[in-house]
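A.B. asks: Line by line, the protein sequences are chains A and B. So this note's numbering is basically just the index in the first sequence, starting at one, shifted up by 3. So this note's numbering is basically just the index in the second sequence, starting at one, shifted up by 1377.
Quick caveat, the hints were computed from the structure, so don't treat them as lab data. The model shown is predicted, which means the values in this text are computed figures rather than measured ones. Keep in mind that the hints are not guaranteed to be accurate.
[Stated by the list, open to error] Straight-line Cα separation of at most 35 Å, DSBU-like style, residue types lysine-lysine; simulated pairs:
{"id": "1", "chain 1": "A", "residue 1": "Lys80", "chain 2": "A", "residue 2": "Lys62"}
{"id": "2", "chain 1": "A", "residue 1": "Lys62", "chain 2": "B", "residue 2": "Lys1712"}
{"id": "3", "chain 1": "A", "residue 1": "Lys109", "chain 2": "A", "residue 2": "Lys45"}
{"id": "4", "chain 1": "B", "residue 1": "Lys1537", "chain 2": "A", "residue 2": "Lys45"}
{"id": "5", "chain 1": "B", "residue 1": "Lys1712", "chain 2": "A", "residue 2": "Lys41"}
[What the hints assert, rightly or not] If the Cβ cut is set under 10 Å, some of the chain A residues that face chain B in the computed set are:
{"id": "6", "residue": "Glu78"}
{"id": "7", "residue": "Glu81"}
{"id": "8", "residue": "Leu83"}
{"id": "9", "residue": "Gly84"}
{"id": "10", "residue": "Leu94"}
We put the CB at the ideal spot given by N, CA and C, even for glycine.
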Amino acid sequence: MTQYLMSVWMVEGTEPYASPEEMEQAFKDVEVFNDELKAAGKWVFAGGLHPASTATVVKVADGGDVITTDGPFAETKEQLGGFWVIQAADLDEALALAARATVACKAPVEVRPFQDEPAA
Amino acid sequence: MDIAAIFRAESGRSVATLVRLFGDIDIAEEAVQDAFAVAVERWPAAGLPPNPGAWITTTARNRAIDRLRRESSRHDRHAQAALVRADREPVEPVGPVSDDRLRLIFTCCHPALAPTVQIALTLRLLGGLQTPEIARAFLVPEATMAARITRAKKKIAAAKIPYRVPGDAELPDRLRPVLAVVYLIFNEGYSTTSGDGLVRADLCAEAVRLARLLAELMPDEPEVLGLLALLLLSESRRAARTAPDGSLVLLPDQDRTRWDGDLIAEGQALVRACLRRNRPGPYQIQAAVNAVHSDAPTAADTDWGQILALYDQLLVLAPTPVVALNRAVALAEVKGPAAALAEIEGLDLDGYHLFHSTRADLLARLGRHAEAAAAYHRARSLAANAAERSFLDERAAAARARTG
Chain A
4 MTQYLMSVWM
14 VEGTEPYASP
24 EEMEQAFKDV
34 EVFNDELKAA
44 GKWVFAGGLH
54 PASTATVVKV
64 ADGGDVITTD
74 GPFAETKEQL
84 GGFWVIQAAD
94 LDEALALAAR
104 ATVACKAPVE
114 VRPFQDEPAA
Chain B
1378 MDIAAIFRAE
1388 SGRSVATLVR
1398 LFGDIDIAEE
1408 AVQDAFAVAV
1418 ERWPAAGLPP
1428 NPGAWITTTA
1438 RNRAIDRLRR
1448 ESSRHDRHAQ
1458 AALVRADREP
1468 VEPVGPVSDD
1478 RLRLIFTCCH
1488 PALAPTVQIA
1498 LTLRLLGGLQ
1508 TPEIARAFLV
1518 PEATMAARIT
1528 RAKKKIAAAK
1538 IPYRVPGDAE
1548 LPDRLRPVLA
1558 VVYLIFNEGY
1568 STTSGDGLVR
1578 ADLCAEAVRL
1588 ARLLAELMPD
1598 EPEVLGLLAL
1608 LLLSESRRAA
1618 RTAPDGSLVL
1628 LPDQDRTRWD
1638 GDLIAEGQAL
1648 VRACLRRNRP
1658 GPYQIQAAVN
1668 AVHSDAPTAA
1678 DTDWGQILAL
1688 YDQLLVLAPT
1698 PVVALNRAVA
1708 LAEVKGPAAA
1718 LAEIEGLDLD
1728 GYHLFHSTRA
1738 DLLARLGRHA
1748 EAAAAYHRAR
1758 SLAANAAERS
1768 FLDERAAAAR
1778 ARTG
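The shape of chain B in the complex, shown without the other chains (with noise of 0.2 Å):
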């Protein structure tokens, strides 16, 4: 019996319901946590409830009101009244939005939060991580993960940041940060390699897991279905991206029989529902690139002037100079490296390694080798994970050894 496993699936559900019930998010963590160390005691002997999910709200609750009646005094207006609200509450929400976890998530991800507080809550609440993960898996000390999370929860509390999903009329303002969370955690699992390799791929696995239930609690949300298909995309390469030894495996190079047909159908599937509903969004959009990627059985089969179309439509949504220096990869394909080149030589990129390393692909195109090698080395320079870096020193070596 994998109770850490019931754990991760079904802590975030519950203490998503017993927030609203109680109106506190200590309180909420404690019980669950309480109700799961009961279930730990209980159920190797006695075997798995019916509905484990539901079993530990249950319990939780009831904990928590044991707790708050043993501890709180007459004079305890805080216990008092979260046990005032507890009896108040239907353990079943109730109206229009009937999942708890959605509430959760807004709350989390609330713009009076600072991104990193609101991925850090949103992998502790709603993804049943503990805070040693979190802290190990965006290497931060414990301590200092512990204290930003201590402080989010009580400026949560103390500004009363509201426990509820916007209306209409907020929602594109306040979807965008949950959109990013979702994201920021797909991505700090999926591009880098440093730290513990296998903390990393959980957070991937967890970004999707979230994106799911976003897909699934917003179906409407042509934004949150396309998020959904870019992360799914994006996993099924995960396999194919890194070598036996460790190193990084670029896209044209990766063995595409490693991909993941399943995610792939999935996501493609999630990208035909976004076209055909003709309302697109950034998310969109690079969901359709990694799609038109997804459909090459080889790397030279790449529908290269569709990904340069769609890259087009995005920097009119987005136009941000990342997106700029992707959109020349693709013109580099179509129009060659020179055109590319002339695209990306005015981008204030300087500080981000990616656009040395494309400008240096470029000029290695070019048979610029000298200039290839020196931008190589900057990308170097400016790369976080180690196998990136010896990715680029290998790339700047087999710069430097045909030039002269």
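Next comes chain A alone, as it looks inside the complex (with noise of 0.2 Å):
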């Protein structure tokens, strides 16, 4: 079994939803997968994030103080909006889930492998 991200991508200025009662399915499609996905014994964590606007960078500068910066790393439109972490046996079985959950949340979703666990 390899544990996969999938991640969530909304691009910032932009309504992922045409309507309330779009978004309110939405939700409770995802409420669905997401309790297939633990019966199957696929699920490892799972959550939606706020708006990227409500994120703070903490980093090392140049001169070795910690300082702390308003907004996303990325200074891009798409930012991560929720994620799934799944296990699955192959590529094949999670872009089948990977299918699955971007018809269940109306969005973009990208397929990563995590590395290995370190050996004990």
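Work from the hints to combine the two standalone chains into their complex.
C.D. replies: See the structure below:
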């Protein structure tokens, strides 16, 4: 089993849902999908995020001081909106789950493998 | 003894088997290279073994096991896993799919890999082409191609792109990129004459070999047979497409005695077999169009009505502007250039040189030579290779000469 990050991407300034009803439906569909992931033993963790405007970056500056800045790190319109961590046998299984995820949440989903857990 | 030819013919099968045995493409490739290095030393003196391919696979397996044992420590989990797996897996594959090459081609052509990467991996792992050859064939710097292949292999391993033939439900979707890769490899060799001519001819031969392999392994897929037929019928005309001075010779002007009769017979038999199955698809229909051309002893004997009917059918299955353009060429022969010109005027193909050269040809036939010259000129500015450009220059000059 490999763990995969299924990240959900939002474009800043655009509304992913056409109507409040559609948003409501997406939330319901995601909930159903989550329950199925759990029942199938594929679920590890998942969550939705507040908009990127609520983000804060903390990093080590050139002088060695830790500084804090307002806003997301990536200076692009495409920002992470939420994610799942799942476990799957291989990429085909992960992509099949991602296909269901994107239909449920109505946003593009990127699939990326986690590095192997270090040997104990 | 041509060990290079044996490598080309056999390495794909050995690499595919070793990938299954060890679950790792790099281990498989390295082991097969090792085995051929041993062969180069031994075979010239000892003679060819009875089954060189099986000898390579067995030698590669043993070399890989030795190397993994030597190099792996107890903490190298990856090498340990490869060893355990090779111990468990039988050398000869078992199960419904008995050929490892089919598994490997579905891995190489996985939709999670970019099409250019699919092509490069297929040529390298199944075709036994070396990275510099692939780079030369696609006019890409060697370092770029090497980086592309390395990244792809890492992705296959890290993301766990599976090594298996897709089930019936996924097969139609997954077969499409496989057929597209083989077709693109062929076209890269066929339609461009830039770059290294020898490598280009090799690409056509390699694509035909891959198509034959697919047809042998998936004899119940009509589009696989259609693709093989299409490649064979196109390949049958390759020698006649080039004049002694290297310039391009179009279909109507080709010396048909230079067509390869054996390839035509084989391609036409496949087209007839597809017709009997009656499960048409784009490759089968394009093969049928080529079969009609192959039937005509002279260009004037071509059954354009039949070709137009086939393009009508293709346009329903694949309603793309390029198909509409090809259909218009047949329409010009059946209903005249004016009807064909009307059909193509609205097509969204402004960046495609064959759109402009087809349009130019129709304009010239209608006596609109000034417009024809301009269209040939536009085609020339978009054409990728020297032979096509000089051909279009000549056409543009001829059209200009007839203006005024």
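A.B. asks: List in ascending order the numbers of the hints, as given earlier, that are violated by the structure.
C.D. replies: 2, 5, 6, 7, 8 and 9
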